[in-house]
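Colleague: Given chain Y, put chain G in place with the hints provided.
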Amino acid sequence: MKILVALKRVADPDNANKVKIPASGEKIDTTGLEWKPNPFDEYALEAALRLTENGTQPKVRAGEVVVVTFGPKETETTLRAALATGADRAIRVDASDDKLDGDLVARALKALVEKEKPDVVLMGKQAVDGDSNQVGQILAELLDWPMATFAATIREEAGALLVGREVDGGVSTLRVKLPAVVTVDLRIVAPTSVYSTKTPSTHKYNDGVRFAALPAIMAAKKKPLVEVKLADLAPDQALKVSYHGFAAPPARKAGIKVKDVSELVSKLKNEAKVL
Amino acid sequence: MTPQEPLSLDALTAIDGLLTDEERLIRDTVRRFVRERYLPRAAELFAKEQFAVDLIPEIAAMGLLGASLKGYGCAGMNAVSYGLALAELEYGDSGLRSFVSVQGSLAMYPIWRFGSEEQKNKYLPKMAAAELIGCFGLTEPDAGSDPGSMKTRARLDGDSYVLTGTKMWITSAPICDLAVVWAKVDDGDASSIRGFIVERGTKGFETPTIHGKMSLRASPTGEIVLNEARVPKENVLPGVVGLKGPLSCLTQARFGISWGALGAARACYEAAVAYTRERVQFGKPVAGKQLVQEQIVEMAMDIAKGQILALHYGRLKDAGSITPVQVSFCKKNNVGLALRAARKARGLLGGNGILLDYPVIRHALNLESVYTYEGTDEVHTLILGNALTGHNAF
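So the protein lines, in turn, are chains Y and G.
Note that our numbering numbers the first sequence so that position 196 is 196, with each residue one more than the last.
Take any residue in the second sequence, note its place counting from 1, add 275, and you have its number in our numbering.
Don't read these hints as lab results, they were simulated from the structure.
Check each hint, because a few of them may be wrong.
[To be verified] Cβ-to-Cβ under 8 Å is the rule here; a few derived chain G residues that face chain Y:
{"#": "1", "residue": "Ile-301"}
{"#": "2", "residue": "Thr-304"}
{"#": "3", "residue": "Arg-307"}
{"#": "4", "residue": "Leu-339"}
[Said to hold, decoys possible] In silico lysine to any residue, SDA-like type, Cα no more than 25 Å apart, as pairs:
{"#": "5", "chain 1": "Y", "residue 1": "Lys-59", "chain 2": "G", "residue 2": "Arg-307"}
{"#": "6", "chain 1": "Y", "residue 1": "Lys-221", "chain 2": "Y", "residue 2": "Trp-35"}
{"#": "7", "chain 1": "Y", "residue 1": "Lys-115", "chain 2": "Y", "residue 2": "Pro-146"}
{"#": "8", "chain 1": "Y", "residue 1": "Lys-177", "chain 2": "Y", "residue 2": "Ala-152"}
{"#": "9", "chain 1": "G", "residue 1": "Lys-401", "chain 2": "Y", "residue 2": "Met-218"}
{"#": "10", "chain 1": "Y", "residue 1": "Lys-221", "chain 2": "G", "residue 2": "Asp-291"}
{"#": "11", "chain 1": "Y", "residue 1": "Lys-36", "chain 2": "G", "residue 2": "Glu-311"}
{"#": "12", "chain 1": "Y", "residue 1": "Lys-257", "chain 2": "G", "residue 2": "Val-561"}
{"#": "13", "chain 1": "Y", "residue 1": "Lys-222", "chain 2": "G", "residue 2": "Thr-295"}
{"#": "14", "chain 1": "Y", "residue 1": "Lys-222", "chain 2": "G", "residue 2": "Gly-292"}
{"#": "15", "chain 1": "Y", "residue 1": "Lys-36", "chain 2": "G", "residue 2": "Ala-336"}
{"#": "16", "chain 1": "Y", "residue 1": "Lys-20", "chain 2": "Y", "residue 2": "Lys-99"}
{"#": "17", "chain 1": "Y", "residue 1": "Lys-18", "chain 2": "G", "residue 2": "Gly-292"}
{"#": "18", "chain 1": "Y", "residue 1": "Lys-110", "chain 2": "Y", "residue 2": "Asp-232"}
{"#": "19", "chain 1": "Y", "residue 1": "Lys-117", "chain 2": "Y", "residue 2": "Arg-61"}
{"#": "20", "chain 1": "Y", "residue 1": "Lys-115", "chain 2": "Y", "residue 2": "Gln-137"}
{"#": "21", "chain 1": "Y", "residue 1": "Lys-198", "chain 2": "Y", "residue 2": "Asp-119"}
{"#": "22", "chain 1": "G", "residue 1": "Lys-345", "chain 2": "Y", "residue 2": "Met-218"}
{"#": "23", "chain 1": "Y", "residue 1": "Lys-204", "chain 2": "G", "residue 2": "Ile-331"}
{"#": "24", "chain 1": "Y", "residue 1": "Lys-73", "chain 2": "Y", "residue 2": "Lys-222"}
{"#": "25", "chain 1": "Y", "residue 1": "Lys-73", "chain 2": "G", "residue 2": "Ala-286"}
{"#": "26", "chain 1": "Y", "residue 1": "Lys-73", "chain 2": "G", "residue 2": "Asp-303"}
{"#": "27", "chain 1": "Y", "residue 1": "Lys-253", "chain 2": "G", "residue 2": "Gln-279"}
[Unchecked claim] Pair ranges (Cβ atoms, derived):
{"#": "28", "chain 1": "G", "residue 1": "Ser-596", "chain 2": "Y", "residue 2": "Arg-187", "range": "50 to 58 Å"}
{"#": "29", "chain 1": "G", "residue 1": "Val-328", "chain 2": "Y", "residue 2": "Glu-263", "range": "49 to 57 Å"}
{"#": "30", "chain 1": "G", "residue 1": "Arg-310", "chain 2": "Y", "residue 2": "Pro-22", "range": "30 to 38 Å"}
{"#": "31", "chain 1": "G", "residue 1": "Asp-417", "chain 2": "Y", "residue 2": "Lys-18", "range": "53 to 61 Å"}
{"#": "32", "chain 1": "G", "residue 1": "Pro-560", "chain 2": "Y", "residue 2": "Arg-175", "range": "54 to 62 Å"}
{"#": "33", "chain 1": "Y", "residue 1": "Thr-77", "chain 2": "G", "residue 2": "Asn-627", "range": "36 to 44 Å"}
{"#": "34", "chain 1": "Y", "residue 1": "Asn-206", "chain 2": "G", "residue 2": "Gly-665", "range": "54 to 62 Å"}
{"#": "35", "chain 1": "G", "residue 1": "Pro-281", "chain 2": "Y", "residue 2": "Thr-197", "range": "43 to 51 Å"}
All values reported here derive from a predicted model rather than from experimental measurement.
The beta-carbon is built from N, C-alpha and C at its ideal position, and this holds for glycine as well.
Just chain Y, with the same shape it has in the complex:
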């Protein structure tokens, strides 16, 4: 199976307080930020690797995993990390972060999919910076492919994927015929979330995203990484989303301490008016 994984780099969510907004509020100041792969996209890569192996011999690959990102030269660090973790090759679509929106990325990905012809496109359900949650859905529409969003489990079947999605009150299970677009949620990296047709059903993974072997990190620079011009994939680079302003969330006010339960109940009733 051939899988295309779309990765986005985001400002390190563990250092979100380093994100600065200039007084003009017209944009987010990205200088000095530490970049990390979007966690949901890392989960998508982990799912792709699990779908192309048998669980017990990670070095025996069954298929190809291609990773793609959009951004300037520095984003190749994100791609190299993905190659070290197990992806076979990487594509960087040269673009400037502030000249992209979900629609343009989806249109460019469509052109790339037509060229690469993967069986599955996997990506995170959303990026943790803009939280737009659009690219997978728009891409599936443009390709006219079946789609499963917020995947918590994936089981490979002949010519299809059985995808479990956690919804209010239960799990919705979809069978999507290949080729398909799947966006993943955080539980996709649980120990028993993803099974290829070759993985024994008794196999359990370690929870979370696998660790790159250190020799693989050193070998990653020998894996193919190509640069593609955005204009070659999407001649029309007009954006459909325009940002009108940014503002930091208001600082939280200090809470109050109550003496006893009756004061708490009284305040909830009379001040917060939630009872």
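Modeller: Showing chain G alone in chain Y's frame:
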């Protein structure tokens, strides 16, 4: 006014810009491994005097065993990458880092450096894969800083050597599959010392565990008792005779320790900063008190300088020209600063500084061993003193 976010040690030293993408990725990968797989259990393992045996296959799969050696299934990474990895492991626990140091620098390195081609092919790939765990037998109950006074003897008898003696304070001995044991041959003096690969199962070879340590509790330490243990001649390391054999292994391990200790120091420092920013006394966080800041600043400056020193000597090692004296400088400096930082952090955390709920007391206790093993702090002073004055004071 809301306090600002604290500057990290990595930002203070601006180390990232001095590392390659590959080195940063190696560091970050081991960092995540330690955070996800080791730290949640670190206190419990220490309390119960247990080693995380179940993590050994994962450590091997990451390529951490014998990582700085080339060929024979080893990762072949440069000294700086190896150092960065060890610092991250010791951020977890000195016992975790000790296991990796002993396997790579003390058990695999002598076979890689002084072994025959047959020995290398037989042992190294399996040791890199953790199918064989090794240990290093040099120190004895009555021969510590003066290894030349060792009593362990190897007597040639037909096609084999017969080993008798006791080795003490041997990391990983209780779980080892083989030991690299150093012994004097026949009636020789220190110049007759040879290295022997002794496999588990050899009659007369035992590895009793040393219990009751208040330091490195998450690392199995034992004795090696050799009672007429018969070792075939093919198991002698052919490439070296005399004390320089074991001492060259120690130089490798000491370099790694000088990086590792920085990890323990950083863990203590971060715990102290986080704690003092939260702990309110006399109406404000104690981080806003001058006496506390003095401690924090001294810790940060010490660790940052140690980091710069380690990186400098790491680059020198990769260029192939580091000397044992420089390694002694680095080990003494960095373990010393780590121990001081751990003690300061212990104080800054007050009563909480003695609880295993925080990493500080664990590191402070561990570092007492790191201060003493692999050349005591005093031995390194004598090595440096000799080099700097030309007078041997041993």
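Colleague: Hint by hint, note whether the structure agrees.
Modeller: Results of checking the hints against the structure:
{"no.": "1", "hint": "Ile-301", "verdict": "holds (5 Å)"}
{"no.": "2", "hint": "Thr-304", "verdict": "holds (5 Å)"}
{"no.": "3", "hint": "Arg-307", "verdict": "holds (7 Å)"}
{"no.": "4", "hint": "Leu-339", "verdict": "holds (7 Å)"}
{"no.": "5", "hint": "Lys-59/Y to Arg-307/G", "verdict": "holds (21 Å)"}
{"no.": "6", "hint": "Lys-221/Y to Trp-35/Y", "verdict": "holds (20 Å)"}
{"no.": "7", "hint": "Lys-115/Y to Pro-146/Y", "verdict": "holds (19 Å)"}
{"no.": "8", "hint": "Lys-177/Y to Ala-152/Y", "verdict": "holds (18 Å)"}
{"no.": "9", "hint": "Lys-401/G to Met-218/Y", "verdict": "holds (21 Å)"}
{"no.": "10", "hint": "Lys-221/Y to Asp-291/G", "verdict": "holds (19 Å)"}
{"no.": "11", "hint": "Lys-36/Y to Glu-311/G", "verdict": "holds (17 Å)"}
{"no.": "12", "hint": "Lys-257/Y to Val-561/G", "verdict": "holds (22 Å)"}
{"no.": "13", "hint": "Lys-222/Y to Thr-295/G", "verdict": "holds (15 Å)"}
{"no.": "14", "hint": "Lys-222/Y to Gly-292/G", "verdict": "holds (22 Å)"}
{"no.": "15", "hint": "Lys-36/Y to Ala-336/G", "verdict": "holds (24 Å)"}
{"no.": "16", "hint": "Lys-20/Y to Lys-99/Y", "verdict": "holds (19 Å)"}
{"no.": "17", "hint": "Lys-18/Y to Gly-292/G", "verdict": "holds (19 Å)"}
{"no.": "18", "hint": "Lys-110/Y to Asp-232/Y", "verdict": "holds (12 Å)"}
{"no.": "19", "hint": "Lys-117/Y to Arg-61/Y", "verdict": "holds (19 Å)"}
{"no.": "20", "hint": "Lys-115/Y to Gln-137/Y", "verdict": "holds (20 Å)"}
{"no.": "21", "hint": "Lys-198/Y to Asp-119/Y", "verdict": "holds (17 Å)"}
{"no.": "22", "hint": "Lys-345/G to Met-218/Y", "verdict": "holds (13 Å)"}
{"no.": "23", "hint": "Lys-204/Y to Ile-331/G", "verdict": "holds (18 Å)"}
{"no.": "24", "hint": "Lys-73/Y to Lys-222/Y", "verdict": "holds (17 Å)"}
{"no.": "25", "hint": "Lys-73/Y to Ala-286/G", "verdict": "holds (23 Å)"}
{"no.": "26", "hint": "Lys-73/Y to Asp-303/G", "verdict": "holds (20 Å)"}
{"no.": "27", "hint": "Lys-253/Y to Gln-279/G", "verdict": "holds (17 Å)"}
{"no.": "28", "hint": "Ser-596/G to Arg-187/Y: 50 to 58 Å", "verdict": "holds (52 Å)"}
{"no.": "29", "hint": "Val-328/G to Glu-263/Y: 49 to 57 Å", "verdict": "holds (54 Å)"}
{"no.": "30", "hint": "Arg-310/G to Pro-22/Y: 30 to 38 Å", "verdict": "holds (33 Å)"}
{"no.": "31", "hint": "Asp-417/G to Lys-18/Y: 53 to 61 Å", "verdict": "holds (56 Å)"}
{"no.": "32", "hint": "Pro-560/G to Arg-175/Y: 54 to 62 Å", "verdict": "holds (56 Å)"}
{"no.": "33", "hint": "Thr-77/Y to Asn-627/G: 36 to 44 Å", "verdict": "holds (38 Å)"}
{"no.": "34", "hint": "Asn-206/Y to Gly-665/G: 54 to 62 Å", "verdict": "holds (55 Å)"}
{"no.": "35", "hint": "Pro-281/G to Thr-197/Y: 43 to 51 Å", "verdict": "holds (50 Å)"}
In this structure, none of the earlier numbered hints is contradicted; all agree with it.
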